[in-house]
Every structure is written in structure tokens, then in C-alpha cells.
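S.K.: In order, the protein sequence lines correspond to chains A and B. For the first sequence, this note's numbering gives the first residue as 141, with consecutive numbering after it. For the second sequence, this note's numbering gives the first residue as 141, with consecutive numbering after it.
Keep in mind that the hints were calculated from the coordinates and are not lab data. Here the structure is a predicted model, which means the values were calculated and not measured.
Which copy is meant is left open, because identical chains are indistinguishable; a pair holds if it fits in one copy or across any two.
Quick list of in silico lysine-lysine cross-link-like pairs, DSSO-like style, CA-CA up to 27 Å:
| id | residue 1 | residue 2 |
| --- | --- | --- |
| 1 | Lys204 | Lys269 |
| 2 | Lys312 | Lys232 |
| 3 | Lys310 | Lys291 |
| 4 | Lys150 | Lys301 |
| 5 | Lys314 | Lys150 |
Each chain, written out:
2 protein chains.
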Amino acid sequence: MAKRSFPLSKVYGLLEPGPVVMVTTASGGRSNIMTMSWHTMIEFEPPLVGCVISNRNYSFGLLKATKECVINIPTMEIAEKVVDCGNTSGAKIDKFETFCLTPKPASQVGAPLIEECYANLECRVADTKMVAEYCLFVLEVIKAWIDPTVKTPRTLHHLGKGNFMVAGEKIKLKSKMK
Amino acid sequence: MAKRSFPLSKVYGLLEPGPVVMVTTASGGRSNIMTMSWHTMIEFEPPLVGCVISNRNYSFGLLKATKECVINIPTMEIAEKVVDCGNTSGAKIDKFETFCLTPKPASQVGAPLIEECYANLECRVADTKMVAEYCLFVLEVIKAWIDPTVKTPRTLHHLGKGNFMVAGEKIKLKSKMK
Numbered sequence: 141m142a143k144r145s146f147p148l149s150k151v152y153g154l155l156e157p158g159p160v161v162m163v164t165t166a167s168g169g170r171s172n173i174m175t176m177s178w179h180t181m182i183e184f185e186p187p188l189v190g191c192v193i194s195n196r197n198y199s200f201g202l203l204k205a206t207k208e209c210v211i212n213i214p215t216m217e218i219a220e221k222v223v224d225c226g227n228t229s230g231a232k233i234d235k236f237e238t239f240c241l242t243p244k245p246a247s248q249v250g251a252p253l254i255e256e257c258y259a260n261l262e263c264r265v266a267d268t269k270m271v272a273e274y275c276l277f278v279l280e281v282i283k284a285w286i287d288p289t290v291k292t293p294r295t296l297h298h299l300g301k302g303n304f305m306v307a308g309e310k311i312k313l314k315s316k317m318k
Numbered sequence: 141m142a143k144r145s146f147p148l149s150k151v152y153g154l155l156e157p158g159p160v161v162m163v164t165t166a167s168g169g170r171s172n173i174m175t176m177s178w179h180t181m182i183e184f185e186p187p188l189v190g191c192v193i194s195n196r197n198y199s200f201g202l203l204k205a206t207k208e209c210v211i212n213i214p215t216m217e218i219a220e221k222v223v224d225c226g227n228t229s230g231a232k233i234d235k236f237e238t239f240c241l242t243p244k245p246a247s248q249v250g251a252p253l254i255e256e257c258y259a260n261l262e263c264r265v266a267d268t269k270m271v272a273e274y275c276l277f278v279l280e281v282i283k284a285w286i287d288p289t290v291k292t293p294r295t296l297h298h299l300g301k302g303n304f305m306v307a308g309e310k311i312k313l314k315s316k317m318k
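So that you can see chain A by itself, here it is in the shape it has in the complex (with noise of 0.2 Å):
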């Protein structure tokens, strides 16, 4: 299955509606991946996204030393292995071979897509002023890809200790909003 390239203006739509995601991070031979729900758009275009990634997780001090990431979006089809990276640490195991999923060589960036998800996008850090605070970095998306066989993805939203809310049905209304 080939990923299209995705246009940056539409990146917003991916992010808005607040699914889980999946942040790839890697240095020095090491990868690894972390489970997030805590990120909101702050621009348009260039696509900026505003995450919240502690400094007790090990991407903590990959995406500082790097400052190169990639989101992937996952769909309720690996909800498991999403459960599974968001219950351990980067520190201690390999998470890509210990949960069976797929890296794959991302273009601008040196942190691997997820095969498995069903958009991916690159990202650079664009702002470290909220970090020591916070922990909250500013990225800018570089590079989109999108699965475009996915036509309704079943994205994971948390509600909370283990509880998710699967994507459900699209409704479409008359708007003047972006």
C-alpha cells in the first residue's frame, strides 16, 4: 500500500478532531515511539501543531536533542499496539519490534514513519520557548502523507484510563469556517 503525499494546507483536518496519535522520534541508531493525545493546531499553514510531550518520556529527550519527529495517526485497527507503546517505555525496549509494527524511512526527517498508520506527518520542532514550563514544543509540519485508500479513518480519541471513543459517523454542514 502506497502513502500519497498530502497537502500541507489540509493538515488541520488530520489533527482538529483530537485523535490519538503516535510520535516517532530517533538518534543515534535508537527509535522509538510515543502515545499522545495532548496536541492542538496553532496555525494553518505552514501547518503548526502544539504537543504536550513530557520530560519523564524518553522521546522527551529524543525530540530535544533531535528536533525532528513524525505524528502518525492510527485507526482503531492497531488500538492495542497503540495502548501497548503508550504503556511503556522507549528507555527499555524496542517498541517497534516488541509490538510488530513497521518503520519506514521518512523523507525530510530522521525519525521512521509508521507503516501502519494511516497518515503520517513530518515535523520539525519550530519553538522551544514553552518546553522548560510546559513541556509543550511548537513543530511545524514539513511533509504529509496519507493513505489514500482510508476513506473513513476509525480514529482512537482517549477518554481516559484506557477508555477510547472510536471516530463515528460524518455529518456535513453548511459552514463559512476553514
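Based on these hints, arrange chain B on the given structure of chain A.
M.R.: Quick look at chain B alone, frame taken from chain A:
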């Protein structure tokens, strides 16, 4: 229908899934409603929320002046009103009146609760350091209310241009995550 006080420690579970919210503000006898999808949790407790409110919005001035707002979480039942509030400006109309929404006094802040929303989070602005550059406010939730009769809220999740995903089924996975 009487809303119940909701523990601040559980607020993250309401915002993490990424629902469209309606932010209310009030100043000098005028109140306003703004539809918003750009928010993220920043800290569990006290609950801190980062949210982007453009300086082109009428609510930006009200929030900057009063440093208080309410994050109201609507559901499918009032989807059209949510979009209507997003498509109009409080500089020109009274949205409560125009769209038949009911303002109720909050307990801690001057901004009103929207009665028709199943959850209401009274907030104070905690940090404005990122406002000049990104219009990103850090809010602290100081009081939360929930309608105890709503067990599976059909929250709205914006996909762009008036397309919404409605919250679907719930699943529970074994997790150590908060």
C-alpha cells in the same frame, strides 16, 4: 436538568478526545460565544488547557480584558447552533439571543455557562506569554460542571469546512495510562 459539580482531576477526559467547544466570554454587559477546535490539555491538575483564539475574533478582546471564560462542550443535538456560532461575529450580533442559547451564571467567573451544553468548564487565564506570537492562551479550569444524565455524549469533532465526525462507540483497553 441540574448539572453536577465535576472533579477537576477528571477534566482531561472531557477535552482529550478533541471535541469542538464553545467558549463564552463576557465584559461590560456583553457576552459572546466562539466555536473552537484548537485546544489541548497541558497539565492534569490543576487542569491547564492551551487554546488558540485568533485576534481576529471578537472573543479575543473579551478574554484578554477579563482573563476569564467558560469552555462549554456541545453535542450533536445542537450541531447547527455550534456552526452558526462559528460563522458569525459577536461584534455584530448577540449570539445567545440570535441562536436561542441559554446563558446561566457561572460560579467563579463572569462569563456565562451555556445551559444546552452537557459540560461547562469555568476558566481563568493562567499565562499569556504565547498570546502575542501564537494567540495561544493557557487557561486554568477552576470549576467544572456536567450533566449527569448524559452517559455517552455525542460530541462533535471538526474535519474542516463544516464536516464533522460525531463521537462513535466506546472501547476499553487494558491500560496503565491516566
